[in-house]
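Its first residue numbered 0, the sequence shown is counted upward by one per residue in numbering that gives the first Met the number 0.
It should be emphasised that the hints constitute simulated quantities derived from the structure, not laboratory data.
The structure presented is a predicted model; accordingly, all values stated were derived computationally and were not measured.
A few of these clues could be false.
As the list claims (entries may be wrong) - Result set (DSSO-like, lysine-lysine): computed pairs, CA atoms no more than 30 angstroms apart in a straight line:
hint, residue 1, residue 2
1, LYS114, LYS96
2, LYS153, LYS167
3, LYS193, LYS311
4, LYS408, LYS153
5, LYS114, LYS462
6, LYS193, LYS171
7, LYS90, LYS214
8, LYS293, LYS153
9, LYS153, LYS171
10, LYS193, LYS96
11, LYS153, LYS96
12, LYS293, LYS408
13, LYS260, LYS82
14, LYS408, LYS396
15, LYS96, LYS82
16, LYS214, LYS96
17, LYS90, LYS153
18, LYS408, LYS311
19, LYS396, LYS90
20, LYS114, LYS260
21, LYS214, LYS153
22, LYS396, LYS153
23, LYS167, LYS114
24, LYS114, LYS171
25, LYS90, LYS260
26, LYS408, LYS82
27, LYS396, LYS365
28, LYS462, LYS167
29, LYS90, LYS293
30, LYS90, LYS365
31, LYS311, LYS214
32, LYS214, LYS260
33, LYS167, LYS193
34, LYS82, LYS114
35, LYS96, LYS293
36, LYS193, LYS90
37, LYS214, LYS171
38, LYS293, LYS171
39, LYS459, LYS171
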Amino acid sequence: MLQHGNEAGHPAPASPAPASAPSPAGASRRRFLTAVAGTGAAVAAPALLTGCGTARAKGGNLQFWNFYGPQRSPDPAINAQSKWFTDMVGKWNATHKQQIDLVYLPQPTYLNGFKLPSAFATGEGPDIFMLSPGDFLRYYNGGVLEDLTPHMEKAAVEDFGSALDSRKVDGKVYALPMEVEPLAMFYSQDLWEKAGLSEADIPTTWAQMLDIGDKLGSRTTAGLVFETNPGYYQNFTWYPWMWQGGGDVLDERGGVAFDSKGTRQALALWQDAVRHGIAPRTVPAAGDVIGGFKGGNVGMWQQGIWNVASFKAFAPDYPYGVFRLPTPPGGDYVTALGGWSFCANAQGRNPEVAAEFCVWALGSMKDDSIDRMVDWCVRAKTDVAPRASALERGAAKGGYDAEVMRRFKDEIFPGGRAEPRYPPVVYKAISDAIQGTMLAGRGVAGEIERATRSIDAYTKSYKGASLI
C-alpha cells in the first residue's frame, strides 16, 4: 500500500506571527542529532530540522531519494510506479548534462526511519527528495528547501491552484505535488448484500455508519475500520472527522483551537466505535487492505484513493464500492487530501539544477510535464491530479471513467482539505489524544486539555513559517 501523504488544500490565511524566516543553515547539527537519538521513534522527532550540516561539495551526479524505484515487486502496480520514476530520470539524463541517480529506499525506511533526517543533519541529504505535508515545515525551517518559484511560469503556478497552498511560504513555492489522494470509505459489496443492505443504505451520518458497521461485524469481520497505529497517517485519517464538526487544531490566525465541540465529537466517535466493538483495536490483516477485504475480514474501511490501483492489480474482480465520509449532526462534508511532493535540497551539490528538475518533471507548462503527471495519476497510480490541466487530460483519456474513480473525482474530492503541515510536537500532541481516547479509554475532555496545553506551549515559542 502506498500511503498518503499529501493535496489540494483550503486557502489558509497567513498567520501574522511567528516570523516566516527559516532557521540559519548553520544551526547546531549536534542538537538535532541528540534530539533524534533521544526520541527513540520517528514519530517524536524534533519540530525543526535544526542541524542541516554544511552544503555538500559540488560536482558529481545528483541523488534523488524516493520510495518507488528502481525496484521489482510481485505487485504490478508497484512495478508500474517504479518504471514511471526510472523513465522520468532516464529522459532527463538523456537530455541534460547534469546527471541524476535514482536512489530507492524501502517505504518503511523512508516514511518511519531516521535515514532521511539523519542524512540532512550530517550534511549528506539527497539533492532531490519526496516530502509529505506533515514534514514540510521541519525541512523548510531547517533551511534545506530550495525555492522553486524562479523556474516556474506564472501559468503553471496558477494551474496547480490551491494544491500549492501548503507548499508555499510568503508566496514562494518550495515543493511540487505529484498527486492528490482523497480519503473515503471503502466497503465490501458482498458483505453489504449478505447483511440485507443496498446502495440506498449508504450512510450519510455518523449514527448510520455506526449502525451499519454493527450489522456488518461478526466474530471474524470488522464492521468498520479506522487506523489504529499511531503516526502521521493516523492523524491524517482522523482530521476529517474533526473538521466536519467545525473543529480544528489552530484557528485562522494560528491560535490554538483544539478544545472545541468538533474535536470532542471526533475523539468520541472513534472511542465509541472501539468501545462498542464496531471497530477493532488493531487493523485487520496486518494492514493489508486488499487481503482484509478478500478474506471477508472487513465490512468498511476508511482508506485512500491509492488503493484503487491495488484492487485493480490484486483483486480486479472483487466487488467493492466507495462513498463519502459521513457527517455528524449539523456538520459539513470534508475529507483529507494527501499526496507527496518533489523538493530540491538548497544545500545540495547543485540546488539550481535540482530545482530545475522538479519543475521540469512536474511543474512545466510543456506537454511532456503535464502528460507525465497524467500518466502517474491515472496509469501508474490512481490519484486525482493536482494540476487543472492534468486533471482535464486524465479525464479525457478515460482515467476517471470507472465508477470508483468517477466517485472520487466528482463526489469525494470536491470539498476536500489539504493535510495540515503541523510540526512533530503539534502532531504528537494530537496523536497522543487519539491514542489515549481510542485505545486507552481515557476521557475525551482530559486528553483534549492535555493536548491543548502542549500545543499552546509550543506555539508560544515557535519561530518559523506559518503553521497554517
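Hints, verified against the model:
1. Of the pairs offered as hints, the one joining LYS114 and LYS96 holds, with about 29 angstroms between alpha carbons and a cut-off of 30 angstroms not exceeded.
2. Note on LYS153 and LYS167: the hinted pairing holds, with a Cα-Cα distance of about 14 angstroms set against a maximum of 30 angstroms.
3. At most 30 angstroms may separate the alpha-carbon atoms for a hinted pair to count; LYS193 and LYS311 meet this at roughly 23 angstroms.
4. The hinted pair formed by LYS408 and LYS153 meets the criterion: a straight-line CA distance of about 26 angstroms does not exceed 30 angstroms.
5. This hinted pair checks out: LYS114 and LYS462 have alpha carbons roughly 25 angstroms apart, not beyond 30 angstroms.
6. With a C-alpha separation of about 53 angstroms, the suggested pairing of LYS193 with LYS171 is violated against the 30 angstroms cut-off.
7. Using a Cα cut-off of 30 angstroms, the hinted pair LYS90 and LYS214 is violated, with the two alpha carbons roughly 53 angstroms apart.
8. Taking the CA atoms of LYS293 and LYS153, the gap is near 47 angstroms; set against the 30 angstroms cutoff, the hint is violated.
9. Only pairs whose Cα atoms come within 30 angstroms are accepted, and LYS153 paired with LYS171 is accepted, the gap being roughly 12 angstroms.
10. Restraint check for LYS193 and LYS96: not satisfied, since their Cα atoms lie roughly 61 angstroms apart, outside the 30 angstroms limit.
11. Between LYS153 and LYS96 the alpha-carbon distance is near 26 angstroms, which keeps this suggested pair within the 30 angstroms criterion.
12. Restraint check for LYS293 and LYS408: satisfied, since their Cα atoms lie roughly 25 angstroms apart, inside the 30 angstroms limit.
13. A C-alpha spacing of about 47 angstroms is found between LYS260 and LYS82, which places the hinted pair above 30 angstroms, so the restraint is violated.
14. With a C-alpha separation of about 14 angstroms, the suggested pair LYS408 and LYS396 falls inside the 30 angstroms cut-off, and the hint holds.
15. A hinted pair counts as satisfied when its Cα atoms are at most 30 angstroms apart, and LYS96 with LYS82 qualifies at roughly 22 angstroms.
16. Between LYS214 and LYS96, the direct Cα distance comes to roughly 62 angstroms. Violation of the 30 angstroms bound is thereby established for this hinted pair.
17. Among the hinted pairs, LYS90 with LYS153 is consistent with the structure: their alpha-carbon atoms are about 25 angstroms apart, no more than 30 angstroms.
18. The suggested pairing of LYS408 with LYS311 holds, with an alpha-carbon distance near 17 angstroms, which does not exceed 30 angstroms.
19. Using a Cα cut-off of 30 angstroms, the hinted pair LYS396 and LYS90 holds, with the two alpha carbons roughly 23 angstroms apart.
20. Using a Cα cut-off of 30 angstroms, the hinted pair LYS114 and LYS260 is violated, with the two alpha carbons roughly 39 angstroms apart.
21. With a C-alpha separation of about 53 angstroms, the suggested pair LYS214 and LYS153 falls outside the 30 angstroms cut-off, and the hint is violated.
22. Taking the CA atoms of LYS396 and LYS153, the gap is about 26 angstroms. The hint holds against a cut of 30 angstroms.
23. Only pairs whose Cα atoms come within 30 angstroms are accepted, and LYS167 paired with LYS114 is accepted, the gap being roughly 25 angstroms.
24. Under the criterion of a C-alpha separation no larger than 30 angstroms, the hint pairing LYS114 with LYS171 is consistent with the structure, at around 28 angstroms.
25. Pair hint LYS90 plus LYS260 does not hold up; C-alpha atoms about 52 angstroms apart against a cutoff of 30 angstroms.
26. For the given pair, LYS408 sits about 25 angstroms from LYS82 by alpha-carbon distance, which is consistent with the 30 angstroms threshold.
27. Taking the CA atoms of LYS396 and LYS365, the gap is near 18 angstroms; set against the 30 angstroms cutoff, the hint holds.
28. Distance check on the hinted pair: LYS462 and LYS167 sit about 17 angstroms apart at the alpha-carbon level, within 30 angstroms; holds.
29. Taking the CA atoms of LYS90 and LYS293, the gap is near 39 angstroms; set against the 30 angstroms cutoff, the hint is violated.
30. Restraint check for LYS90 and LYS365: the C-alpha separation of about 14 angstroms stays at or below 30 angstroms, so the hint holds.
31. Distance check on the hinted pair: LYS311 and LYS214 sit about 28 angstroms apart at the alpha-carbon level, within 30 angstroms; holds.
32. Pair hint LYS214 plus LYS260 holds up; C-alpha atoms about 28 angstroms apart against a cutoff of 30 angstroms.
33. Taking the CA atoms of LYS167 and LYS193, the gap is about 49 angstroms. The hint is violated against a cut of 30 angstroms.
34. At most 30 angstroms may separate the alpha-carbon atoms for a hinted pair to count; LYS82 and LYS114 meet this at roughly 24 angstroms.
35. Between LYS96 and LYS293 the alpha-carbon distance is near 49 angstroms, which puts this suggested pair outside the 30 angstroms criterion.
36. Restraint check: the Cα-Cα separation between LYS193 and LYS90 comes to about 51 angstroms, which exceeds 30 angstroms; the hinted pair is violated.
37. Taking the CA atoms of LYS214 and LYS171, the gap is near 50 angstroms; set against the 30 angstroms cutoff, the hint is violated.
38. Taking the CA atoms of LYS293 and LYS171, the gap is about 46 angstroms. The hint is violated against a cut of 30 angstroms.
39. Taking the CA atoms of LYS459 and LYS171, the gap is about 25 angstroms. The hint holds against a cut of 30 angstroms.
This entry does not satisfy hints 6, 7, 8, 10, 13, 16, 20, 21, 25, 29, 33, 35, 36, 37 and 38, going by the numbered hints stated previously.
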